[in-house]
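Colleague: Sequence:
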Amino acid sequence: MQVNAKHVLNFAKDAVANQRVNMQRMQNVLVIWLDNNINDNNADCHNTIKQLKRVVNNISTFTDGEECVEFIQTITNNKVCMIVSGSIGKRIVPHVHHISQVDTIFIFCDNQEWYKEWAKEWPKIKGVFTDIKSVCEALKQAAHQCEQNATSISFVASNKKLDQLKPSFMYTQILKEILLTIKFEDKHFKEFINYCRDEFIKNQYELDIITKLEHDYHHQKPIWWYTYQCFLYPMLNQALRSMDVDIIVRIGFFINDLHHDIQQLHSEQCGSHRLGKTFTVYRGQGLSKEDFTEMKKTKGGLLSFNNFLSTSKNRDISLDFAQQTATNPDLVGILFIMLINPTNSTAPFASITDVSSFPMEDEV
Numbered sequence: 057m058q059v060n061a062k063h064v065l066n067f068a069k070d071a072v073a074n075q076r077v078n079m080q081r082m083q084n085v086l087v088i089w090l091d092n093n094i095n096d097n098n099a100d101c102h103n104t105i106k107q108l109k110r111v112v113n114n115i116s117t118f119t120d121g122e123e124c125v126e127f128i129q130t131i132t133n134n135k136v137c138m139i140v141s142g143s144i145g146k147r148i149v150p151h152v153h154h155i156s157q158v159d160t161i162f163i164f165c166d167n168q169e170w171y172k173e174w175a176k177e178w179p180k181i182k183g184v185f186t187d188i189k190s191v192c193e194a195l196k197q198a199a200h201q202c203e204q205n206a207t208s209i210s211f212v213a214s215n216k217k218l219d220q221l222k223p224s225f226m227y228t229q230i231l232k233e234i235l236l237t238i239k240f241e242d243k244h245f246k247e248f249i250n251y252c253r254d255e256f257i258k259n260q261y262e263l264d265i266i267t268k269l270e271h272d273y274h275h276q277k278p279i280w281w282y283t284y285q286c287f288l289y290p291m292l293n294q295a296l297r298s299m300d301v302d303i304i305v306r307i308g309f310f311i312n313d314l315h316h317d318i319q320q321l322h323s324e325q326c327g328s329h330r331l332g333k334t335f336t337v338y339r340g341q342g343l344s345k346e347d348f349t350e351m352k353k354t355k356g357g358l359l360s361f362n363n364f365l366s367t368s369k370n371r372d373i374s375l376d377f378a379q380q381t382a383t384n385p386d387l388v389g390i391l392f393i394m395l396i397n398p399t400n401s402t403a404p405f406a407s408i409t410d411v412s413s414f415p416m417e418d419e420v
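Sequential numbering from 57 applies to the sequence shown in our numbering.
Accuracy of the hints is not assured; some may be wrong.
Said to hold, decoys possible - Derived lysine-lysine pairs resembling DSBU-like cross-links, with alpha carbons at most 30 Å apart:
1. Lys172 x Lys189
2. Lys106 x Lys258
3. Lys109 x Lys146
4. Lys106 x Lys146
5. Lys243 x Lys232
6. Lys109 x Lys277
7. Lys196 x Lys172
8. Lys106 x Lys246
9. Lys345 x Lys176
10. Lys345 x Lys355
11. Lys369 x Lys345
12. Lys106 x Lys268
13. Lys369 x Lys196
14. Lys345 x Lys146
15. Lys232 x Lys353
16. Lys246 x Lys232
17. Lys176 x Lys196
18. Lys277 x Lys239
19. Lys146 x Lys196
20. Lys277 x Lys333
21. Lys268 x Lys232
22. Lys176 x Lys109
23. Lys246 x Lys258
24. Lys268 x Lys246
25. Lys277 x Lys369
26. Lys258 x Lys277
27. Lys196 x Lys277
28. Lys176 x Lys189
29. Lys232 x Lys345
30. Lys268 x Lys189
31. Lys258 x Lys109
32. Lys172 x Lys146
33. Lys172 x Lys106
34. Lys232 x Lys333
35. Lys268 x Lys243
36. Lys277 x Lys246
37. Lys109 x Lys246
38. Lys196 x Lys106
FYI, nobody ran anything at the bench for these hints, they're computed from the structure.
Since we're looking at a predicted model, the values are computed, not measured.
Input sequences plus hints: build the corresponding full structure.
Modeller: Shown next, in the form of structure tokens:
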């Protein structure tokens with residue numbers, strides 16, 4: 057049987073495309089690295105990709121600007137952090153800066169001075185870098201901000217009847233109630249571990265974390281795992297945001313464990329009066345201009361955050377998130393100020409400072 061080279065090439069392209077789609081389900085953020093000199097067989101390129109994957113697993117590389125722009129235009133449910141060489145950057149940035157899916161752009165070049173002044177003209181360019189370590193540090197911050205901004209919110213006006221509620225809002229509530237009544241077994245955990253190994257097969261860093269999760273899951277609290285820097289937090293949030301039922305069911309054991317962990321901590325803290333009287337928490341994030349307009353219309357109504365919501369007692373930390381977001385022309389920076397009455401709550405909440413892997417954020 058003769059093998060048609062064109063068919064082989066198309067098959068390879070389809071395989072890459074399918075892998076990209078699968079990775080987009082795992083995390084809200086994807087990284088696009090555009091540079092004429094990218095070569096998968098080059099040791100430096102391989103090392104650069106390896107370091108980037110320690111921050112964001114989903115990496116797509118391009119050497120052609122037009123092909124890169126075409127790919128970005130196909131993205132609907134993710135945010136893009138672009139890494140672009142200086143020479144290509146001057147040509148490509150004007151064509152992608154207005155695209156709402158593009159959240160952040162980093163210029164990766166040999167000489168900062170050549171591009172610093174030009175970069176100031178474009179708000180989405182968050183820095184000009186000459187070494188990959190600095191890029192990864194900036195990417196870590198940008199990816200965290202993207203995850204924060206990706207929290208989906210349902211807006212329910214005070215005058216709306218039950219039959220006028222958005223289906224997405226009702227599905228979220230129903231699915232949550234179902235998941236919390238299921239009795240998950242050890243086999244569900246093992247199935248999830250195997251699923252993750254298949255999905256992250258090309259990322260040794262995440263594979264090592266999956267092994268750590270497999271061996272140590274029951275040695276740490278679910279809250280600790282949720283705040284630990286690994287694939288769990290972005291994977292869970294992306295699934296809840298996009299209502300990806302397949303992944304939600306796979307990770308259902310963790311949703312269940314996390315909810316009960318918060319519930320138990322809530323009971324302990326209320327019993328010991330640690331939560332005290334009414335107190336204030338803050339959350340800084342970005343909203344699209346459309347969502348911001350809708351939120352203003354629902355004044356006096358209900359806001360429902362469709363995931364596990366992280367807030368802070370530290371106003372400055374949350375305000376910093378909101379101010380950073382405000383530099384993006386596609387978003388409106390919001391500082392949510394929430395007054396919490398421990399004696400009148402319909403959902404469990406708890407201070408997680410003592411069990412979080414990031415205790416400095418004074419998180420609730």
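Colleague: Each of the hints needs a verdict: does it hold here or not?
Modeller: Verification of the supplied hints:
1. Lys172 x Lys189: Holds: lysine 172 and lysine 189 sit about 19 Å apart, inside 30 Å.
2. Lys106 x Lys258: holds (10 Å)
3. Lys109 x Lys146: It holds: about 26 Å lies between the C-alpha atoms, which stays within 30 Å.
4. Lys106 x Lys146: holds (26 Å)
5. Lys243 x Lys232: holds (21 Å)
6. Lys109 x Lys277: Cα-Cα ~26 Å, so holds.
7. Lys196 x Lys172: holds (21 Å)
8. Lys106 x Lys246: holds (27 Å)
9. Lys345 x Lys176: holds (23 Å)
10. Lys345 x Lys355: Distance of about 16 Å is within 30 Å: holds.
11. Lys369 x Lys345: Since the Cα atoms of lysine 369 and lysine 345 sit roughly 27 Å apart, the hinted pair holds (cutoff 30 Å).
12. Lys106 x Lys268: Holds: lysine 106 and lysine 268 sit about 19 Å apart, inside 30 Å.
13. Lys369 x Lys196: holds (23 Å)
14. Lys345 x Lys146: Holds. Lysine 345 to lysine 146 sits at ~28 Å (cutoff 30 Å).
15. Lys232 x Lys353: holds (27 Å)
16. Lys246 x Lys232: Since the Cα atoms of lysine 246 and lysine 232 sit roughly 22 Å apart, the hinted pair holds (cutoff 30 Å).
17. Lys176 x Lys196: holds (21 Å)
18. Lys277 x Lys239: This hinted pair holds, its Cα atoms lying about 18 Å apart.
19. Lys146 x Lys196: Distance of about 24 Å is within 30 Å: holds.
20. Lys277 x Lys333: Cα-Cα ~26 Å, so holds.
21. Lys268 x Lys232: holds (27 Å)
22. Lys176 x Lys109: At roughly 28 Å apart (the allowed maximum being 30 Å), lysine 109 and lysine 176 satisfy the hint.
23. Lys246 x Lys258: holds (20 Å)
24. Lys268 x Lys246: Roughly 13 Å separates the two Cα atoms, so the pair holds.
25. Lys277 x Lys369: holds (22 Å)
26. Lys258 x Lys277: holds (28 Å)
27. Lys196 x Lys277: Satisfied, since the Cα-Cα distance of roughly 24 Å is no more than 30 Å.
28. Lys176 x Lys189: Between lysine 176 and lysine 189 the Cα gap is close to 22 Å, so the pair holds against 30 Å.
29. Lys232 x Lys345: holds (28 Å)
30. Lys268 x Lys189: Cα-Cα ~25 Å, so holds.
31. Lys258 x Lys109: Judged against 30 Å, a Cα distance of about 10 Å means the pair holds.
32. Lys172 x Lys146: The given pair, whose Cα atoms are some 12 Å apart, holds under the 30 Å limit.
33. Lys172 x Lys106: holds (27 Å)
34. Lys232 x Lys333: holds (29 Å)
35. Lys268 x Lys243: holds (17 Å)
36. Lys277 x Lys246: holds (18 Å)
37. Lys109 x Lys246: holds (24 Å)
38. Lys196 x Lys106: Roughly 14 Å between the alpha carbons, so the hint for lysine 196 and lysine 106 holds.
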